[in-house]
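The listed protein sequences correspond, in order, to chains A and B.
Convert by adding 13 to the 1-based position in the first sequence; the result is the number in this note's numbering.
Convert by adding 14 to the 1-based position in the second sequence; the result is the number in this note's numbering.
Read the hints as simulated data drawn from the structure, not as lab findings.
Each hint should be verified, as a subset may be incorrect.
With a Cα cut of at most 30 Å, we get these calculated BS3-like pairs of lysine-lysine [unchecked claim]:
1. LYS268/A <-> LYS255/A
2. LYS164/B <-> LYS269/A
3. LYS81/B <-> LYS164/B
4. LYS58/A <-> LYS40/A
5. LYS269/A <-> LYS81/B
6. LYS130/B <-> LYS220/A
7. LYS72/A <-> LYS81/B
8. LYS268/A <-> LYS220/A
9. LYS255/A <-> LYS269/A
10. LYS164/B <-> LYS40/A
11. LYS220/A <-> LYS255/A
12. LYS130/B <-> LYS58/A
13. LYS40/A <-> LYS72/A
14. LYS268/A <-> LYS130/B
15. LYS58/A <-> LYS81/B
Over the 10 Å line for every Cβ pair with chain B, so calculated as not near, a few chain A residues [stated by the list, open to error]:
16. GLU17
17. ASP52
18. ALA237
Covered, in the sense of this in silico footprint (three residues per stretch, anywhere, with C-beta under 8 Å from a C-beta of chain B), are these stretches of chain A [to be verified]:
19. 18 to 25
20. 60 to 73
21. 152 to 158
22. 203 to 214
23. 225 to 233
The beta carbon of each residue, even a glycine, is placed where N, CA and C say it ideally should be.
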Amino acid sequence: MTCESMAELLADHLQGRLQPEQAARVKEHLQQCMACQADAAMWQKLATFPAQQPSPAMKSRFNAMLDSYQEGRWEKANLKQEHGKFLDFGAIVQWARTPALSVAASFVLVLCGFLAGRYIDRPQPANIDVSEMRNELASMRQLVVIAMLKQQSPSERLQGVGMVQQNSDPRVLEALLHTLRYDNSVDVRLAALDALSHFSSHQDVRKGLIDSLGTQQSPLVQIALIDVLVDMRDHSAVDQLKRLQQDPALDPSVKKRADWGIQQLS
Amino acid sequence: MADLKRRMTHTISDEELMSQVRSGVGESLGVLFERYRTPLLNFYYKLTGDRGLSEDLVQEVFFRILKYRHSYRPETGFRAWMYQIARNARVDHWRRQKPETSWKPEMSPPVMPEDKAEEAQQHALLHSALLELSEEKREVLVLSRFQDLKYEEIAVLLGCEVNTVKVKVFRALRELREVFEALESGKLVRKQGLRDAGMRPGTGSVQ
Chain A
14 MTCESMAELL ADHLQGRLQP EQAARVKEHL QQCMACQADA AMWQKLATFP
64 AQQPSPAMKS RFNAMLDSYQ EGRWEKANLK QEHGKFLDFG AIVQWARTPA
114 LSVAASFVLV LCGFLAGRYI DRPQPANIDV SEMRNELASM RQLVVIAMLK
164 QQSPSERLQG VGMVQQNSDP RVLEALLHTL RYDNSVDVRL AALDALSHFS
214 SHQDVRKGLI DSLGTQQSPL VQIALIDVLV DMRDHSAVDQ LKRLQQDPAL
264 DPSVKKRADW GIQQLS
Chain B
15 MADLKRRMTH TISDEELMSQ VRSGVGESLG VLFERYRTPL LNFYYKLTGD
65 RGLSEDLVQE VFFRILKYRH SYRPETGFRA WMYQIARNAR VDHWRRQKPE
115 TSWKPEMSPP VMPEDKAEEA QQHALLHSAL LELSEEKREV LVLSRFQDLK
165 YEEIAVLLGC EVNTVKVKVF RALRELREVF EALESGKLVR KQGLRDAGMR
215 PGTGSVQ
């Protein structure tokens with residue numbers, strides 16, 4: 014039995030794809046043939062070859078290319094129109110729009126932390142003050158999150174989403190829902206969706222998530238959103254899913270996922 | 015961020031994503047990039063031994079995927095299609111390249127702890143051996159061993175029978191092992207001499 018005549022079987026052996034009966038033949042051959050044994054060992058040795066890790070530069074070059082492709086594609090007009098609707102916080106939003114002021118907000122936050130620290134160190138005075146301080150600090154932090162969500166650069170908005178905490182108040186959740194609907198970066202919208210999925214016990218969040226299905230354009234976000242809705246096991250999402258399916262321009266993979274979602278929730 | 019994107023989108027298949035790209039959804043290419051930049055980088059690095067060039071070629075692959083997105087047919091597997099593009103990108107690169115350009119495998123970092131040194135030397139030797147093989151043999155090994163492509167997928171890629179692929183893998187592995195043993199037992203010095211004399215190892219079959 015020559016090695017060449019065994020070549021195909023040996024190749025299958027390397028990828029571990031032999032039937033038991035063939036495996037026995039290969040095993041028998043390997044026992045007699047030093048060369049083939051050494052080949053198999055070489056194959057194993059190749060597995061130890063270290064993998065190269067991509068540099069961050071690769072990612073930024075790719076993004077630059079993708080951005081230039083995406084430019085002009087994204088429904089900017091649509092977004093601008095919707096942008097005006099989010100003025101619920103009136104003065105706060107206006108205030109938060111200026112980057113300098115949101116930096117200032119961070120300073121205030123640090124200062125609050127400092128003062129709170131001093132309060133805590135003090136021997137006696139009223140505990141009520143400390144808890145008040147804490148509350149103020151928390152609400153300050155929420156304001157910073159909201160301010161970050163209004164920044165120009167997607168990476169700052171992403172950072173803002175990342176700062177969202179478990180005990181966020183309704184204003185932050187509302188801002189997140191707005192981001193999920195109207196942010197023009199898919200990455201930011203996906204991040205907002207991820208953050209919101211931790212608040213699915215809130216009635217408003219559930220409703221907001223279900224409603225936002227109708228406004229999403231990107232198949233990536235649509236699919237991720239359907240997955241979140243199914244996880245929530247909220248049967249009232251079925252109507253919205255059915256409505257989504259009526260869209261003639263709907264991406265086929267989204268349609269498939271919506272079918273699956275309806276099936277899961279009905 | 016990459017992790018998050020992976021988490022939110024991990025259930026979408028390559029083929030679905032590519033179909034989305036084809037119909038103009040650029041951001042879906044971002045997910046494919048997250049999935050395949052590392053495998054592609056390693057594919058090129060093992061073939062060329064040149065890290066910078068490998069990164070350029072990965073970039074080129076994604077550029078071409080976008081450019082030729084309309085030629086993608088959803089019924090073909092995405093991976094086979096992508097590796098086809100990857101191979102073409104490399105061939106085109108060599109065509110443009112001046113033949114005098116020398117190989118500079120950037121391996122074995124100079125400083126490392128004692129116990130790591132021997133391992134690194136083995137890897138450097140292994141990479142040298144790989145680069146000694148003809149392009150064709152090296153490629154079939156890299157595809158089957160490192161890119162986890164099944165023989166059937168490689169057969170589609172190379173346009174030959176599955177049986178032929180298996181024989182090719184077997185022969186390439188045997189030659190690699192022989193070259194490796196030769197290098198290990200001291201012929202490395204001789205090869206070094208050849209390189210100093212201006213020979214280019216490992217590029218035999220490239221025009």
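For each hint, the structure was consulted:
| no. | hint | verdict |
| --- | --- | --- |
| 1 | LYS268/A <-> LYS255/A | holds (10 Å) |
| 2 | LYS164/B <-> LYS269/A | holds (28 Å) |
| 3 | LYS81/B <-> LYS164/B | holds (27 Å) |
| 4 | LYS58/A <-> LYS40/A | holds (19 Å) |
| 5 | LYS269/A <-> LYS81/B | holds (27 Å) |
| 6 | LYS130/B <-> LYS220/A | violated (56 Å) |
| 7 | LYS72/A <-> LYS81/B | holds (18 Å) |
| 8 | LYS268/A <-> LYS220/A | holds (21 Å) |
| 9 | LYS255/A <-> LYS269/A | holds (12 Å) |
| 10 | LYS164/B <-> LYS40/A | holds (22 Å) |
| 11 | LYS220/A <-> LYS255/A | holds (16 Å) |
| 12 | LYS130/B <-> LYS58/A | holds (16 Å) |
| 13 | LYS40/A <-> LYS72/A | violated (46 Å) |
| 14 | LYS268/A <-> LYS130/B | violated (52 Å) |
| 15 | LYS58/A <-> LYS81/B | violated (38 Å) |
| 16 | GLU17 | violated (8 Å) |
| 17 | ASP52 | violated (5 Å) |
| 18 | ALA237 | violated (4 Å) |
| 19 | 18 to 25 | holds (count 5) |
| 20 | 60 to 73 | holds (count 12) |
| 21 | 152 to 158 | violated (count 0) |
| 22 | 203 to 214 | holds (count 4) |
| 23 | 225 to 233 | holds (count 3) |
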